[in-house]
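Taking the hints into account, I'd like the entire structure generated from these sequences.
These protein sequences, in sequence, are chains A and B. Under my numbering, think of the first position of the first sequence as 1, with each following residue one higher. Under my numbering, think of the first position of the second sequence as 1, with each following residue one higher.
Treat each hint with caution, since some may be false.
[What the hints assert, rightly or not] DSSO-like, lysine-lysine: derived pairs with alpha carbons at most 27 Å apart:
hint: 1; chain 1: A; residue 1: 40; chain 2: B; residue 2: 7
hint: 2; chain 1: A; residue 1: 85; chain 2: A; residue 2: 32
hint: 3; chain 1: A; residue 1: 85; chain 2: A; residue 2: 118
hint: 4; chain 1: A; residue 1: 7; chain 2: A; residue 2: 118
hint: 5; chain 1: A; residue 1: 32; chain 2: A; residue 2: 118
hint: 6; chain 1: B; residue 1: 12; chain 2: A; residue 2: 40
[Unchecked claim] Here are some chain B residues the structure puts well away from chain A; computed CB gaps all over 12 Å:
hint: 7; residue: 26
hint: 8; residue: 37
hint: 9; residue: 122
[Unchecked claim] In silico contact screen, one side only, chain A against chain B (beta carbon under 10 Å); selected entries:
hint: 10; residue: 21
hint: 11; residue: 25
hint: 12; residue: 44
hint: 13; residue: 54
hint: 14; residue: 72
hint: 15; residue: 104
No lab work stands behind these hints, which were simulated from the structure alone. Quick reminder that beta carbons are idealized off the backbone N, C-alpha and C, glycines included.
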Amino acid sequence: MAINAGKVIAGGLVGGVVANVIDFIWNTTVMKADMVDLGKRFGMPDEALNSFATAAPWLIVDFIFGFVIVFTYAAMRPRLGPGPKTAMIAGLMPYIAVTAVLWGFQSMGMMPMASFVKGSATALVTTIVGSLAGCAVYSE
Amino acid sequence: MNGDRGKFDIGKLVAGGILAGVVMNICDYVSSNFILVNDWDRVARLRNMDMAVLGGTASLVTNIAVDFALGFLIVFIYAAIRPRMGRGPATATVAAFLAFLPEALYMATLASAFYTWDVYVRSQALMLVSYLAGGISGAWIYSEPEDDPD
Chain A
1 MAINAGKVIA
11 GGLVGGVVAN
21 VIDFIWNTTV
31 MKADMVDLGK
41 RFGMPDEALN
51 SFATAAPWLI
61 VDFIFGFVIV
71 FTYAAMRPRL
81 GPGPKTAMIA
91 GLMPYIAVTA
101 VLWGFQSMGM
111 MPMASFVKGS
121 ATALVTTIVG
131 SLAGCAVYSE
Chain B
1 MNGDRGKFDI
11 GKLVAGGILA
21 GVVMNICDYV
31 SSNFILVNDW
41 DRVARLRNMD
51 MAVLGGTASL
61 VTNIAVDFAL
71 GFLIVFIYAA
81 IRPRMGRGPA
91 TATVAAFLAF
101 LPEALYMATL
111 ASAFYTWDVY
121 VRSQALMLVS
131 YLAGGISGAW
141 IYSEPEDDPD
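Spelled out as structure tokens, the structure:
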């Protein structure tokens with residue numbers, strides 16, 4: 001049976017909206033100081049850090065992550081079965097891919113370990129909630 | 001697992017993940033130490049990174065572990081999507097892309113701050129080669145009892 005492309009798009013949009021809302025909350029509260037510190041490390045001016053031009057790629061990336069996660073969920077369903085457990089596994093795939101590479105960069109001195117751990121923990125929550133929301137829309 | 005197409009072959013998953021990790025480590029060693037060596041040196045100086053940390057043992061060990069983790073991840077994705085997409089290199093390529101795309105997108109958001117765009121494009125092109133080579137190698141090892149002998 002083919003993947004239901006329409007439902008992948010709908011699920012990806014829902015997942016992307018949910019992930020963006022949660023990321024906004026993290027980035028303006030728990031992660032705010034870490035983001036400012038990271039910006040300073042990279043020599044970014046404060047106005048760039050708070051600009052829409054800097055935020056826009058992150059907004060788009062959350063939507064693309066949503067599509068990737070729902071597509072992965074759809075592709076895994078015949079083996080793992082439909083439902084929230086498979087949705088979380090599908091969400092963990094891009095999460096692990098990104099977190100593993102960031103761990104490598106952290107070891108090279110790109111960011112402090114505390115920021116990496118905090119960022120990974122908040123991203124895990126975002127990923128799981130976004131995955132559950134997006135994959136709930138997908139059906140066959 | 002809960003699906004209706006049988007279980008993973010865990011032994012083959014481990015073997016495929018190890019092979020994928022070895023292949024990805026070889027690819028990354030070549031790209032980091034030969035092809036991109038001047039680019040990384042330029043980025044490190046641009047961002048005032050500590051060269052001792054950058055080239056230290058902890059960094060080396062972590063990045064070797066990261067490639068093995070990614071190798072296992074790609075082979076797991078391959079095994080999980082096989083019942084829907086079929087076995088073979090085309091599905092392995094899809095599995096590699098499902099791991100590569102999020103990483104490449106995430107790094108793109110950091111490109112203007114951490115990298116320079118030219119280094120980003122070159123490093124991600126080589127990462128894609130690494131993911132595809134690792135994924136296809138690992139998937140080649142992974143098989144299941146119901147597979148027909150070719």
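Cross-check of the supplied hints:
no., hint, verdict
1, 40/A / 7/B, "violated (49 Å)"
2, 85/A / 32/A, "violated (31 Å)"
3, 85/A / 118/A, "holds (24 Å)"
4, 7/A / 118/A, "violated (33 Å)"
5, 32/A / 118/A, "holds (11 Å)"
6, 12/B / 40/A, "violated (46 Å)"
7, 26, "holds (16 Å)"
8, 37, "holds (14 Å)"
9, 122, "holds (16 Å)"
10, 21, "violated (18 Å)"
11, 25, "violated (18 Å)"
12, 44, "holds (6 Å)"
13, 54, "holds (8 Å)"
14, 72, "holds (6 Å)"
15, 104, "holds (4 Å)"
The earlier numbered hints that this structure contradicts are 1, 2, 4, 6, 10 and 11.
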